[in-house]
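So the sequences go chain by chain: A and B.
Taking our numbering, the leading residue of the first sequence gets 17, the next gets one more, and so forth.
Taking our numbering, the leading residue of the second sequence gets 701, the next gets one more, and so forth.
A hint or two may mislead.
[What the hints assert, rightly or not] Here are the simulated DSSO-like cross-link-like pairs (lysine-lysine), alpha carbons at most 30 Å apart as the crow flies: (1) A:K160 / B:K1248; (2) B:K1146 / A:K143; (3) B:K854 / A:K128; (4) A:K31 / A:K21; (5) A:K143 / B:K726; (6) B:K1074 / B:K1004; (7) A:K128 / B:K908; (8) A:K143 / A:K160; (9) A:K143 / B:K1004; (10) A:K235 / A:K131; (11) A:K131 / B:K1074; (12) B:K908 / B:K726; (13) A:K21 / B:K908; (14) B:K1122 / B:K726; (15) A:K131 / B:K1040; (16) A:K160 / B:K1270; (17) B:K827 / A:K96; (18) B:K827 / A:K143; (19) B:K854 / A:K160; (20) B:K1189 / A:K31; (21) B:K728 / A:K235; (22) B:K1074 / B:K728; (23) B:K731 / B:K1074; (24) A:K241 / A:K160; (25) B:K908 / A:K96; (26) B:K1146 / A:K25; (27) A:K211 / A:K241.
[Said to hold, decoys possible] Quick list of simulated restraints, FRET-style, between CB atoms: (28) B:D810 / A:P172: 44 to 50 Å; (29) B:A1039 / A:K96: 20 to 26 Å; (30) A:R23 / B:R969: 45 to 51 Å; (31) B:D810 / A:R242: 49 to 55 Å; (32) A:V86 / B:A1039: 26 to 32 Å; (33) B:D1041 / A:W37: 37 to 43 Å; (34) A:T19 / B:R1151: 52 to 58 Å; (35) A:D125 / B:Y1184: 52 to 58 Å; (36) B:A1150 / A:W37: 22 to 28 Å; (37) B:A1039 / A:R108: 36 to 42 Å; (38) B:D810 / A:Q202: 51 to 57 Å; (39) B:K827 / A:S148: 53 to 59 Å; (40) A:S148 / B:R969: 33 to 39 Å.
Hints in this document: simulated from the structure, not taken from any laboratory.
Heads up, the beta-carbon is just placed ideally off N, CA and C, and yes, glycines get one too.
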Amino acid sequence: MPTAKIRVKRFNPEKDRKPYWADYEVPYEPFDRVLDALHYIKWNVDGTLAVRRSCAHGICGSDALLINGVNRLACKILVKDIGTTISVEPLRGLPVIKDLVVNMEPFFDKYKQVKPWLINDDPTPEKERPQSPEQRELFDDGTKCILCAACTTSCPVYWTTGEYIGPAAIVNAHRFIFDSRDQGGQERLAILAEKSGAFRCRTVFNCTDACPQGIEVTKRVQEVKRAITVGGI
Amino acid sequence: MIEHEYDALIVGAGGAGLFAALEASKAKDLKVAVLSKLYPVRSHTGAAQGGISAALGNVEEDHWEWHMFDTVKGGDYLVDQDAAEILAREAIETIYDLEHYGLPFDRTPDGRISQRRFGGHTHNYGKGPVRRACHAADRTGHMILQTLYQQCLKNDVHFFNEFQVVDLLIADGACYGVVAWEILTGELHLFRSKATMFATGGWGKIWKVSSNAHTLTGDGAAVCWRRGIPMEDMEFYQFHPTGIYRLGILLSEAARGEGAILRNHSGERFMERYSPTLMDLAPRDIISRAIITEIREGRGVDGKDYVHLDFRALPREVLEEKLPEITSFARTYLGVDPAKDLTPIQPTAHYAMGGIPTDIAGRVIWDEQNTPVKGFYSAGECACVSVHGANRLGTNSLVDILVFGRRAGRDMVRFVREEAAKGKITASPDRTAAETFQKLLAANGKERVARIREDLQVAMMDDCGIFRSDEGLRRVLGVIGELYQRFEKIGIEDRGRTFNQDVLESWELGCMLDCADATVRSALNRQESRGGHTREDFPNRDDATWMKHTLLFRNGADYKFTYKPVTITKFQPQERKY
């Protein structure tokens, strides 16, 4: 079986003063994911390695990591596809708890700021609220978001100023602003027009590249900026 | 222990738990909290792909009675029909609820919720497939999870994320809360609550090839079993026909609903032989058995243990628009383009039909007389109400978890208001959880958790999978006995307090062993073949002896089976043919 060198940035707050690199020689099958390589280390070499994961096929959003310098889901990228030396680090811009585990609370706090729920105060009809396939299509992209934080933590603006609400929150606001059933668009646009909002984006496109769901993140952010500028959708 | 007190406490943040929390949070005077071992949107409800059924009749004629019949027949008549009627009727209002909460269902050209075909769902009591599954591309479960989480945020539900529940607080036949291990700090917490609910998911990780998340280790079921609650119908476990070869990742039945077909080594559409009417849309137990039969008789591809799922006749826009996730799975994990290449699949461990026994209000029961455990509820995959009987139909998992999660949430509110004692709860836990974690943190034996887990997964796959026999089940039971002994001699490496997954995985392994133990003993006990439980030594369904639910109790080293009658209302058992 071929082997890959997996370099993992380790940090144990109970022992280490600062993070350090640890190297592991890991055998891999052609269908092994980077997550499988991390499991190999945990289960065979060092049981103290900490990494969040659950579904292992790219839908739960637990294992977004900085892999070979770019944000990827460890379960959605194969070892054979990215070379024989692979570096794995925690996401940037969020406080490290232990090894590859970061504190996600600041990320979810930003998400909550955009009121990510359907706002509609009309009495509910007996059946569904009608929506045409064309209206449904307008906000489809944002519904794919799995809140893995790969986009927000790849953004240089987010790194330098933690104030920026970040692309994930904007995409989730977009998902409601452009939903024909929602009545909270103006409220959200006002939140995103603030100093920490959408205009912090400098269209670097890291977020779009990082999204494991293929969401056109930067494009959605631009659509939100335009809606703010013209005063609505 | 750090102490907390709530009116309603929900363990698990998948579809069932979040719907219950949402219902309970509408009672503004109640203190409601959700505990999850994960972050809320990480739960495995999010992996459900194809759809959620309800007889809306949006694209063709449909009736809830047809849905109920399909559910009963699909479950090989072991379904409790009072529960199945609720499932089929309340599915409709549940779908409209979800739509009103903002769920982005796909739409028909006239703006209604779009519906598609799914295995075992028929019109006119089995005459042919019907379009009943409502969907949001092949991300239906993801959208359900997101929508319910959003609504819980709107209602200010309090979340305790990354708390592993490790024990139940039970006294005098009633439940007063849980003990939980905070993963971040390694602290034990005591949560007292007037009403408690387990929506903790399944245990699919006890098999080697599985569609389940790594975290689906049967914790909730095991914790209940250890506190004297029986496990119902554990012998019935579903293998989904189409998992990605070797990885087990699910390729939704929606693929076949949209027209993909199964082919053996010679390219033959073999389901024509097994199910002349529904063919590739027959229920899952039938297709999984057919695939294994093809492989055993030498018709697997290249003589190996897989067959092909063929998407090639589907227009590319159907793949891109209606099945984008599974198209991406095939590309990412197999390197195949489903529009041009055949996709290798094999059956994968998928869903527990059995579990923690409940009544139709979601109340957990102690025994075959349906005596409720006061203040204790369960819904979702971990629970058995039983709407799936011996085999679950595709999409009915989402219907079950939402319909009965919603009911449990409502009944918890009623219980807190009408039945629960007023004032502070005084019950306190014994030393079990504290001693367990002390012992795990100090474990310094030679056995490795990962080896024991893998040996369990392989043994379960070999001898307690789709085809079972007395000989094989006794063999795997012997293996489990040895694994329990090895588990006593494990060593761990992480002795820290912070995010100690070494200890967490060790504790989870104990739960997996319990779930496997209950499954194998129940499978050995039931000497017939029904739905997802196929005994090669008892190939026929035996209604005279076995038209009953299994309850398996464990008390130390003693095991006891009792039986509960199946509730039959509208549909008398018949031979099951498709």
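Here is how each hint holds up against the structure:
In summary, the hint linking A:K160 to B:K1248 is not supported, as the alpha carbons are separated by about 43 Å, beyond the 30 Å threshold. Restraint check for B:K1146 and A:K143: not satisfied, since their Cα atoms lie roughly 61 Å apart, outside the 30 Å limit. At roughly 9 Å between alpha-carbon atoms, B:K854 and A:K128 fall within 30 Å of each other, so this suggested pair holds. Under the criterion of a C-alpha separation no larger than 30 Å, the hint pairing A:K31 with A:K21 is consistent with the structure, at around 25 Å.
Distance restraint check for A:K143 and B:K726: the Cα-Cα separation of roughly 21 Å lies within the 30 Å cut-off, and the hinted pair is therefore satisfied. Restraint check for B:K1074 and B:K1004: the C-alpha separation of about 52 Å exceeds 30 Å, so the hint is violated. Proposed proximity of A:K128 and B:K908 is contradicted: the alpha carbons are some 38 Å apart, above 30 Å. For the suggested pair A:K143 and A:K160, the alpha carbons sit about 25 Å apart, so the restraint of at most 30 Å is met.
In summary, the hint linking A:K143 to B:K1004 is not supported, as the alpha carbons are separated by about 49 Å, beyond the 30 Å threshold. A threshold of 30 Å between alpha carbons decides the hint, and for A:K235 with A:K131 the separation of about 21 Å falls inside it, so the pair holds. Pair hint A:K131 plus B:K1074 does not hold up; C-alpha atoms about 37 Å apart against a cutoff of 30 Å. A distance of roughly 41 Å separates the Cα atoms of B:K908 and B:K726; the hinted pair therefore is violated under the 30 Å criterion.
The straight-line distance between the Cα atoms of A:K21 and B:K908 is roughly 26 Å, inside the 30 Å bound, and the hint therefore holds. Under the criterion of a C-alpha separation no larger than 30 Å, the hint pairing B:K1122 with B:K726 is consistent with the structure, at around 20 Å. About 43 Å separates the Cα atoms of A:K131 and B:K1040, which puts this hinted pair outside 30 Å; it is violated. With a CA separation close to 41 Å, the supplied pair A:K160 and B:K1270 exceeds the 30 Å bound.
In summary, the hint linking B:K827 to A:K96 is not supported, as the alpha carbons are separated by about 49 Å, beyond the 30 Å threshold. Between B:K827 and A:K143 the alpha-carbon distance is near 28 Å, which keeps this suggested pair within the 30 Å criterion. Distance check on the hinted pair: B:K854 and A:K160 sit about 20 Å apart at the alpha-carbon level, within 30 Å; holds. Note on B:K1189 and A:K31: the hinted pairing holds, with a Cα-Cα distance of about 27 Å set against a maximum of 30 Å.
At roughly 40 Å between alpha-carbon atoms, B:K728 and A:K235 are farther apart than 30 Å, so this suggested pair is violated. Under the criterion of a C-alpha separation no larger than 30 Å, the hint pairing B:K1074 with B:K728 is consistent with the structure, at around 23 Å. For the proposed pair B:K731 and B:K1074, the alpha carbon gap of about 19 Å is at most 30 Å, so the pair holds. For the hint pairing A:K241 with A:K160, the CA-to-CA distance comes to about 20 Å; that is within 30 Å, so the pair holds.
Restraint check: the Cα-Cα separation between B:K908 and A:K96 comes to about 23 Å, which is no more than 30 Å; the hinted pair holds. Simply put, B:K1146 and A:K25 have alpha-carbon atoms about 28 Å apart, close enough for the 30 Å limit, and the pair holds. The hinted pair formed by A:K211 and A:K241 meets the criterion: a straight-line CA distance of about 13 Å does not exceed 30 Å. For the pair B:D810 and A:P172, the supplied restraint of 44 to 50 Å holds, since their beta-carbon distance comes to about 46 Å.
For the hinted restraint 20 to 26 Å between B:A1039 and A:K96, the CB-CB distance of approximately 23 Å keeps it satisfied. A hinted range of 45 to 51 Å for the beta carbons of A:R23 and B:R969 is consistent with their spacing of about 49 Å. Judged by the Cβ atoms, the range 49 to 55 Å given for B:D810 and A:R242 is violated: they are separated by roughly 30 Å. One distance hint, 26 to 32 Å for the beta-carbon pair A:V86 and B:A1039, holds here, with the actual separation near 28 Å.
For B:D1041 and A:W37, the Cβ-Cβ distance of about 39 Å falls inside the hinted range of 37 to 43 Å, so the restraint holds. Between A:T19 and B:R1151 the Cβ separation comes to about 20 Å, which falls outside the hinted range of 52 to 58 Å. With their beta carbons about 44 Å apart, A:D125 and B:Y1184 fall outside the hinted range of 52 to 58 Å. Between B:A1150 and A:W37 the beta carbon distance is about 24 Å. The supplied range of 22 to 28 Å therefore holds.
The hinted range of 36 to 42 Å is satisfied by B:A1039 and A:R108, whose Cβ atoms lie roughly 37 Å apart. With their beta carbons about 29 Å apart, B:D810 and A:Q202 fall outside the hinted range of 51 to 57 Å. Between B:K827 and A:S148 the CB atoms are about 32 Å apart, so this pair departs from the stated range of 53 to 59 Å. At roughly 37 Å, the beta carbons of A:S148 and B:R969 sit within the given window of 33 to 39 Å.
Violated hints, in rising order: 1, 2, 6, 7, 9, 11, 12, 15, 16, 17, 21, 31, 34, 35, 38, 39; the structure is consistent with all others.
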